[in-house]
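Trainee: Okay, here's what each chain looks like letter by letter:
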Amino acid sequence: MAFVRQVLVIMAKDLRAELRTKEAINASLSFALVVLLLFSFAFDPSEETTREISGGLLWIVFAFAGTLLLNRSFARELGNDCLDALISAPIPGSALFLGKALANYVLVMAVELIALPLFGVFYNVRWTSQFWQLMLVIALGTWGMTVTGTIFSALTVNIRLREVMLPILNFPILIPALLGAMQLTSTLVAGKPITVENDAWLKMLIGFDVMYTAVSVFLVETVLVGG
Amino acid sequence: MRDKIIYVLGLVAILLLARDLYLITGFPAERNQGVIFKIIFFHVPMAITALTCALVAFTSSILFLVTKKFQFDALAVAVTEVGLAFLAGNLITGSIWGRVAWGIWWTWDARLTSALVCWLLYAGYLMLRNAIEEPTQRATFAAVFSIFAFIDVPIVIFSIKWWRTQHPQPVFWGGGSFPPDWKAVFGWQMLAVLLVGVVFTLVRLRQEQFQREIDSLRRMAHAL
Chain V
1 MAFVRQVLVI MAKDLRAELR TKEAINASLS FALVVLLLFS FAFDPSEETT REISGGLLWI
61 VFAFAGTLLL NRSFARELGN DCLDALISAP IPGSALFLGK ALANYVLVMA VELIALPLFG
121 VFYNVRWTSQ FWQLMLVIAL GTWGMTVTGT IFSALTVNIR LREVMLPILN FPILIPALLG
181 AMQLTSTLVA GKPITVENDA WLKMLIGFDV MYTAVSVFLV ETVLVGG
Chain D
1 MRDKIIYVLG LVAILLLARD LYLITGFPAE RNQGVIFKII FFHVPMAITA LTCALVAFTS
61 SILFLVTKKF QFDALAVAVT EVGLAFLAGN LITGSIWGRV AWGIWWTWDA RLTSALVCWL
121 LYAGYLMLRN AIEEPTQRAT FAAVFSIFAF IDVPIVIFSI KWWRTQHPQP VFWGGGSFPP
181 DWKAVFGWQM LAVLLVGVVF TLVRLRQEQF QREIDSLRRM AHAL
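Protein chains in written order, with the working numbering: chain V, 1 to 227; chain D, 1 to 224.
Hints were generated in silico from the structure; no laboratory data involved. One thing to keep in mind: the hints can contain errors.
[Said to hold, decoys possible] Straight-line Cα separation of at most 27 Å, DSS-like style, residue types lysine-lysine; simulated pairs:
#, chain 1, residue 1, chain 2, residue 2
1, V, K203, D, K161
2, V, K203, V, K192
3, D, K161, D, K68
4, V, K192, D, K161
[Stated by the list, open to error] Facing chain V, a subset of chain D residues (Cβ under 8 Å, in silico):
#, residue
5, I48
6, T52
7, L120
8, L126
9, P135
10, V144
11, I147
12, F150
13, V153
14, V156
15, W162
[What the hints assert, rightly or not] Pairwise CB distance ranges (calculated):
#, chain 1, residue 1, chain 2, residue 2, range
16, D, I14, V, P92, 27 to 37 Å
17, V, G191, D, V203, 56 to 66 Å
18, V, K203, D, T107, 25 to 35 Å
19, V, F41, D, A123, 26 to 36 Å
20, V, K203, D, Q71, 52 to 62 Å
21, D, N130, V, P92, 42 to 52 Å
Glycine included, C-beta positions come from ideal geometry on N, C-alpha and C.
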């Protein structure tokens, strides 16, 4: 139980720090809006075409906006050597990692849940017909994105070109998860439920999440002290 | 001693390649695809060599994290660079074949896409290394990323396979047929390409060792 409490303390700390300044979440949100706007120039925002590619559009927005938040996750701790203090704190590295991952998850989900209805309004897409299944896909896809994003945020925090390295490392790893999430989101937004035909994507998403959570928890200690 | 081994292996590889090339040009053109079919003698061995490299990189990354011995880090980076070169060769020969057989340079078929994603994954590994100065940190972080990347390879392959498939089914384990004498040459060609990979890796490994020696000498000179 001590472990759960440690995770929650780290998570609360990160959320409090972010919600007091709101710097990353504001940046991420306005960036999501800009990308949504840009897509309207790239594609004809009439209903037929956008509905078919809506899953792809949404997840590109989510991935870009999420990266901005994830970049800040460990970079925030650089000032005043807070990262060293956190590493030397009497908690396991996995608790630190999970706390940060959960805080990032809440923030990224918040941005996504604001961007989603805006997408529906701008592109005239009625996305609510399969609401709960869509929420499930977004929850799973976002966790995959957050868990690898958080570990790579720790990996890149001290290196040159930090802001550029995170997406370069994270996006190729995320391709299977993003691909699955895009396929499912497109189907669900079109009003069709997940069936036996496409639940392989859902299984793949769950598998991706479980596997990368396990590997990250296992290797995070190495990343934190190995530097 | 090490140098001699490299030279001997290199010589064997060159001789084998020359022999195979001679035999391959002597084969008749394939019935449906014509001469371009023969690119398979380079295309497939390069793919297998690249996959072998990824496996070796994964193993040596784990060994580095366990033992903290820098030989394993050197092996991991050497083998990743060589594998990336072979995967690039695989993509390029595939592209040339696609231009002749399908009429297009590139298509978002399952295997092509997975190969490209894997290439990007391991290119990220090299970029990560370039961005870190401190040797221990570089080796540790690169090893962690290599493990992440290797785990991703099967997921990428399977997920993209569900997404779409257009690549011709494998000639060997699928329904296709390959005459026995072609098979023998293919085996030798496989060995030759693998040997080229081994030689490249050994050369790169030696560079990596020299680099470390130079770095430590430089540190000594600074300390004086």
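Trainee: Let me make sure I understand: some of the numbered hints might not hold for this structure. Which ones are they, in numerical order?
Mentor: Hints 3, 5, 6, 8, 9, 12, 13, 16, 20, 21 contradicted; others consistent.
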